[in-house]
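Student: One letter stands for each residue in the lines below.
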Amino acid sequence: MSEHAPDSPQTFDYKHVGGRFLGLVATAIVAFIAIFAGAASNPTQFAFSYLFAFTFFLTICMGGLFWVLVHHSTDAEWSVVVRRQLENMACLLPVMGVLFIPLIFVAPLLWQWMQPENAQDPLLQEKWPYLTPWFFWGRAAFYFVFFTVAAVWLRANSVLQDTDGAPRYTVFNRRLTFASLPLFAVCLTFAAIDWLMGLDYHWFSTMWGVYIFAGSVLSALCVLVLLITALRGLGYFQNVVTPEHFHIIGKLMLAFTIFWAYIGFGQYMLIWYANIPEETIYFLRRNTESWQILSTALVVGHFFVPFLLLLPNPGKRRPAFLCAVAVWILVMHVLDVYVIVLPALHKAGVVVHWMDFACLAAVGCTVAAVFLKRLGDAPLWPLRDPRLPESIALKN
Amino acid sequence: MNSIGDKSAPVFGVAAEFSCARDLYHAAEKIRDAGFRRWDVFSPFPIHGMDEAMGMRRSLLGKIVFIGGLSGFLMAVVLQFGPSSVLYPLVVAGKPTNLFTVPAFFPIMFEMTILFSAFTAVFGMLIMNGLPRLNHALFNWDRFKKVTEDKFFVAIESGDPKFSERAVRDLLESLGGTNITTIHGD
Chain A
16 MSEHAPDSPQ TFDYKHVGGR FLGLVATAIV AFIAIFAGAA SNPTQFAFSY
66 LFAFTFFLTI CMGGLFWVLV HHSTDAEWSV VVRRQLENMA CLLPVMGVLF
116 IPLIFVAPLL WQWMQPENAQ DPLLQEKWPY LTPWFFWGRA AFYFVFFTVA
166 AVWLRANSVL QDTDGAPRYT VFNRRLTFAS LPLFAVCLTF AAIDWLMGLD
216 YHWFSTMWGV YIFAGSVLSA LCVLVLLITA LRGLGYFQNV VTPEHFHIIG
266 KLMLAFTIFW AYIGFGQYML IWYANIPEET IYFLRRNTES WQILSTALVV
316 GHFFVPFLLL LPNPGKRRPA FLCAVAVWIL VMHVLDVYVI VLPALHKAGV
366 VVHWMDFACL AAVGCTVAAV FLKRLGDAPL WPLRDPRLPE SIALKN
Chain C
85 MNSIGDKSAP VFGVAAEFSC ARDLYHAAEK IRDAGFRRWD VFSPFPIHGM
135 DEAMGMRRSL LGKIVFIGGL SGFLMAVVLQ FGPSSVLYPL VVAGKPTNLF
185 TVPAFFPIMF EMTILFSAFT AVFGMLIMNG LPRLNHALFN WDRFKKVTED
235 KFFVAIESGD PKFSERAVRD LLESLGGTNI TTIHGD
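Line order of the protein sequences matches chains A and C.
Going from the first sequence to the numbering used here is simple: count from 1 and add 15.
Going from the second sequence to the numbering used here is simple: count from 1 and add 84.
Some clues are possibly wrong.
To be verified - Just some of the chain A residues that point at chain C, by a computed CB distance under 10 Å: (1) 42; (2) 284; (3) 287; (4) 288; (5) 305.
To be verified - 35 Å max Cα-Cα, derived DSBU-like pairs, lysine-lysine: (6) A:410 with C:229; (7) C:147 with A:266; (8) C:114 with A:266; (9) C:91 with C:114.
Since the hints were made in silico from the structure, they are not lab data.
All C-beta atoms, glycine included, are put in the ideal place defined by N, C-alpha and C.
Just need the whole structure built from these sequences, with the hints factored in.
Tutor: The following block contains the structure:
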């Protein structure tokens, strides 16, 4: 692509990161030491705080993989220029697999069905074929193996195409995607059931997987907006990513804001209206005491605010505005995951613990450091994708 | 001077034929720049970028649909809160009418908003396009039937403030239009 080659470098230059990379690594190490020290004195709080932080970043990475899969399965044009960054996000899933390891050691504190004293619970005995340790850990391993294979393989083909531009990589990735999409749905749904719904093994909701999915794909879009804007600010993506691309991402953010609200309300409405005790316990806990404040804030902040901000057209074309909305939605996603995980521990009301923040910093800095470390390994967008010119010339 | 239709009827406008989408596109740009307002182009398929080439502004329809949706929402609010909270309050399934039982009303509010928006969009579009109608003056012209096959047309209507038959004919001819014809009819 000669028309944008001179004024826009195609690979990331580490001079933009410099010493901040070391700062990131140092923060991650310090945060990990702090939370492991905290775990020695309060393992239960550590378990829940860590699951909260882990889930937040896992959902973003799964959302990144979802958008790569959607790109290939629909043969999309617009997303070619941003696909490499989505692939980079998805390729953090193996890292999330490594970051899952601390949870193995505190599993019985998180997932009460593992406690021996609950073994005689008739409800648990009904569910034993599913809630059995070897099957539980086997499933977890399967999720991460699948996520890793799908994300790494799709990205590897995409990078190979940068050298010779052969269309067969596109065709192969499409085939890979059709095999991956159903498995992705299964893995995301059951990961959500195992690790989040499993926090109260009495409780169940058939919409749980879709609810987690809605938050995942929305927050992945928000991270994508921030990434692209940051890289554009450093001088990359000139004449490649245009306001038209931001417009499309903004429209998708609006769509998935509505989708999240629709699924979240659908789940709440059915449980609330049917009023069956073993189902209502989830919302009873989150809509009483001080949790009520956070749940209400979620309704307003995760739906009404971004909905009204994203509804008019002009804002979606302005990267600065879209970034502000993206940051807001990501903060709301933190709150969403917090209200999912922590009430299972602090049943009487909100108790903010320093480990909540330390875990976010530990997992977040690790993931960000790995992302930055790998960012320069390949061009920032698929240089020789057959659809690249159409993607650059995008019109809404 | 070609002219078609009942000569005693008023002039609908002047139309010209083009043989390809590119010619039509460039003609549209010139007509836009000449300052015409009541005119249209016709083609067998949608042409990308034609909206800008014709200088069309954003349709008013979106704003009308917003008002339609809002009235549907308000109607749902009134129809539900009126009887259930004000006129004849009842405790159903252990749920009195207060702020925390509003979710029971949400599906109706949502559906009414969507229903009214959809109706406003469809019927608003039809009214703004002057549809449905039984006939159109352009159908008096036999060549115009080719618009569903392989020909492209421009028609400048006599309702345009800048319309004068001679000037429009000269303009269309200078743009490369062929078979320039004055269309009579209602």
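Student: Does residue 287 of chain A meet its interface restraint, that is, does its C-beta lie within less than 10 Å of any C-beta in chain C?
Tutor: Interface hint status for residue 287 of chain A: holds (6 Å vs cutoff 10 Å).
Student: With a cut-off of 10 Å, does the beta carbon of residue 288 of chain A approach a beta carbon of chain C closely enough for the hint to hold?
Tutor: holds (7 Å)
Student: Regarding the pair residue 91 of chain C and residue 114 of chain C, is the alpha-carbon distance no greater than 35 Å?
Tutor: Roughly 29 Å between the alpha carbons, so the hint for residue 91 of chain C and residue 114 of chain C holds.
Student: Checking one constraint from the list: CA of residue 410 of chain A to CA of residue 229 of chain C, max 35 Å. Satisfied?
Tutor: Measuring from Cα to Cα gives roughly 31 Å; hence the hint holds.
Student: Hint check: is the beta carbon of residue 305 of chain A less than 10 Å from a beta carbon of chain C?
Tutor: With Cβ-Cβ at 16 Å, over 10 Å, it is violated.
Student: Between residue 147 of chain C and residue 266 of chain A, is the straight-line Cα distance small enough, at 35 Å or below?
Tutor: It holds: about 18 Å lies between the C-alpha atoms, which stays within 35 Å.
Student: Given the hinted pair residue 114 of chain C and residue 266 of chain A, is their Cα-Cα distance within 35 Å?
Tutor: holds (33 Å)
Student: So, as I understand it, the hint says residue 284 of chain A touches chain C; can you test that by seeing if any CB pair is closer than 10 Å?
Tutor: It holds, given that the least Cβ distance between residue 284 of chain A and chain C is near 6 Å, below 10 Å.
Student: Taking 10 Å as the limit, does the beta-carbon of residue 42 of chain A come near enough to a beta-carbon in chain C?
Tutor: violated (42 Å)
Checked against the numbered hints given earlier, the structure breaks hints 1, 5 and satisfies all the rest.
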